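From first to last, the protein sequence lines are chains A and B.
For the first sequence, my numbering gives the first residue as 1, with consecutive numbering after it.
For the second sequence, my numbering gives the first residue as 1001, with consecutive numbering after it.
Bear in mind the hints are in silico, worked out from the structure with no lab data behind them.
Values in this document were obtained by computation on a predicted structure and should not be read as measured data.
Glycine included, each C-beta is placed from N, C-alpha and C at the ideal position.
Incorrect hints may appear among the rest.
[To be verified] Distance windows between CB atoms, simulated:
1) L1122(B) - A168(A): 26 to 32 Å
2) E1230(B) - V119(A): 56 to 62 Å
3) R1070(B) - L105(A): 37 to 43 Å
4) G1127(B) - A277(A): 32 to 38 Å
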Amino acid sequence: MEATSNRLLCAFAWISGALVLLTTALLIGFLIQRGLGSINGALFFGDTPWLSAVLNKRMVFDGIWPALAGTFLLVVLSSSLAIPVGIASGLYLAEYAPKRVRSALEFAVDLLSGTPSIVMGLFGFALILLLRKTIGPNAQTGLWLAGLCLALLILPYVIRTTQTALEALPPRFRMVGPAMGLSRWQNVRKVLLPMASRGIFSGAILAIGRAAEDTAVILLTGVVAQTGLPRGLGDKFEALPFRIYFLAAEYRSQHQLDQGFAMALVLMAMTGALFLAAFALRRSAERRWKRQ
Amino acid sequence: METPVIQPVIQMEDLTVRFGRKRVLHGITFTLPPGELMVIVGPSGAGKSTLLRAINRLNEFHGEARTGGRVRVTLEGEAIDIHKDSICLPELRRRVGMVFQTPAILPFSIEKNLSMPLRVTLGIGRGAARRRMEEALRKVSLWQEVKGRLRDDAATLSGGQQQRLCLARTLALEPQILLLDEPTASLDFKATEKIEQLLLALKTDYSIVAVSHSLRQARRLADRLLVLREGRVMREMAGSQLRQAGVFERLIEEAF
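With the rest of the complex left out, here is chain B (with noise of 0.2 Å):
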């Protein structure tokens, strides 16, 4: 009997990326099969944040980025080439959700925050966009804590209420695969408890891509790991691998 062949979600492939003359990712290559949850780690200026956004092409809002070599999604069971002239961005960025390091919320009632997205990029009704608000909210815990107060101002939360918004938001757009910025950097132990635990229930449905500033974190999270240094791939191993004795320390001292 043949085993099935597992298509991965994202396929990166030599990826180079400068922004004017400064060349900030060199030749990176790697594969994420669907439903893992990939963290990349490394020090500050190791090009992590920008390896993230060359997966939905974020990196083009800065106009001296160039980009080179080939980052493949499967979206809908088909593998695209993201660089083709054909792809239109805001569906590849909306398929390909991303949330930051500092939550983003815009300045608008908490309702406004999810349901904007949705009514201008999927152009839903009023009751559909409610009916998918609350889905994404009960997703990320918040909708006992927010039920109540949907046309405060999103402001009136707290740091971790909302970087889950930010959450709900990118979750209700209905992507397949999760680009996650550092998401718990500016939080506190608690809320990064919680966000924590979110990732790990919302593996089973979504390929998700974590950048963390913390090995300890990505120890508990990873299934795969990714350490950049100076804009290269230094260790790629699998999450277990990181959990074994030893393993753990030695990248430490090699990573950072």
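Excised from the complex, chain A in its bound form (with noise of 0.2 Å):
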């Protein structure tokens, strides 16, 4: 009975992980098949001269560089706030914080993490029209604002798989640095968090991600259908899931569609990018931890 039971559990395992390959490969499979023959020079550029347009000198109308840089300086952005306050925070829980306040925010953050994209968004809108109420009358929807919305959107996944990488350190490994004469912030410093560096880059792997697919946030709080590429962070900005969503719903011709296919693929070619990016950075922090 016993040998049955592993021999189907171990059947579930194997066609689990086939299916999640399976569907991986499909999806992008598909996407080539529908997209790469549309990417070219037009796809990114239009009819502008590529060097003009990466340096901001001639508007480009036609092709998806605006919303590339737009959705790359959102995810800067958002990343760059959320992963050190929520690596701080992670940190805070796991270390620091009481057992009530723990509670307390972790309940804070359960209730961040629940919160759906839209009404995230929604409140980046009604804290403009708050805003304008009071200390800014003229104050916008805009990169800034979207790139704090996503920002908050993001910030419990980094919480929690900081929260979750240092509680999981098996607890001798706690005591090895004071035994030695380390300070508690020189024991987080020099020994717990590079032993959780793995499970804190993860987190900020997945915010990466989820900062660079989202559309709801940012339908509400400043990008537009064609703007060209924002000078500030005041102002109005073009994103790929947002072009990709407006062509999948209002394309006209098939060629408009392929076209959809292909931005969905450069915008999982961008995210592989910054995932690649981000390993290699782990990658040789870890290196300079273990070594130096």
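Starting from the two chains in their separate frames, assemble the complex, guided by the hints.
So this is what it looks like as structure tokens:
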């Protein structure tokens, strides 16, 4: 009986693993089949010469370059807000917070992680209305607001993974540093954080992926269909997920739909590149921690 | 002619430790003269590790630990009450070095395992740290085995080598007292023998308190023996007494 259930469980695990692989392969294959043919210079820059577009000397009307740059800026902005705050909060929860404070904060983090992204977008929109009525009559939606709301959306991922990674360390390692004369902060910085770095980086990578793909938040906080590259944090911006959504809903020809698939492929490639960069950063940080 | 008074290195008076409502140690009192190796034995749950950690206040890592009584340690010739507010805890813990039961190597290179604590706690430069590292590795007879692979991951060492590395890491910080929590518990016979020889050599320079799960090991090593049972000192005796015929067997029956 036990042998049968073991075999069944084993088969289920194999099938589940294979399904994940198959789904990913199918998705990528489908996107490549529909979109690869439309990936060319015109998709990115339209009629504008690429150098003029990249240097923002001429506006790009038909290409996705502004949307690509907008998404990249959005990911960088929201990640640079959420990742440091998230790691610090996770560290506080795992290492410093007294029991009662921890329960209250964990509840708040859970609540935040359960907030639908459209609600986060509404929060951003309401924030602008509040600012207009109080201290900023000219306040407008834009890159900064979208970045802030996205940061709030991805913050719980970073907090929870940091906390879990630190709490999962074997208890004996907590005492090694102090037993050698390290202060509490030195122990956290020199022993615990490097040891938990894999888990923490996973959280950061997850957050980056989430920030790159979200559409609902940016819909209400500053994304527009055609505006070119943003010149500052207060400017409106274009973003790939919104462009894909817009094209999928409003396409007028097969060519436009194929362009939508090509954009999805580009978005996946960009997210993949960001993941690779994060992995490379993790590996180099690990090498530094291990050797020096 | 007056006989010089030898100041004990550790003086413990009526020490009690509780974790929450559970009292783990009850009124422990003992003294350890300088240059001696004291072995604490007792069955599992007797409070041996807790007693060891009371000497460098490491029990405080358990939020619910409450300690009573008095512990004085002599560092640089000065007797210090370790529960006084003015004490610098990291400094106390560096001076009263500790080695754990399972080799607690950090997931770094062999070199960094030794140099990181030196550079962080003492703020010494790379060159000085390297000199101290080599000296400590030689003390534990590990230098010849690792000198060509200092940048390798410390996890690639064998269990016995890892434990000697941990001992070297502690010695490099120049402690005056060594606390060893069952340092051979996870090692095979050969590695255990090596560590035991090392401890016998080290006791000329350091006062050592070691927890052991084995009375036979205590008989081989101890200048002084403390037998704990259910958080109380059941017997305290000199090592020479332990080696007398019949005493050892009686003790096994009483204590375990």
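What hint numbers does the structure not satisfy?
Violated: none.
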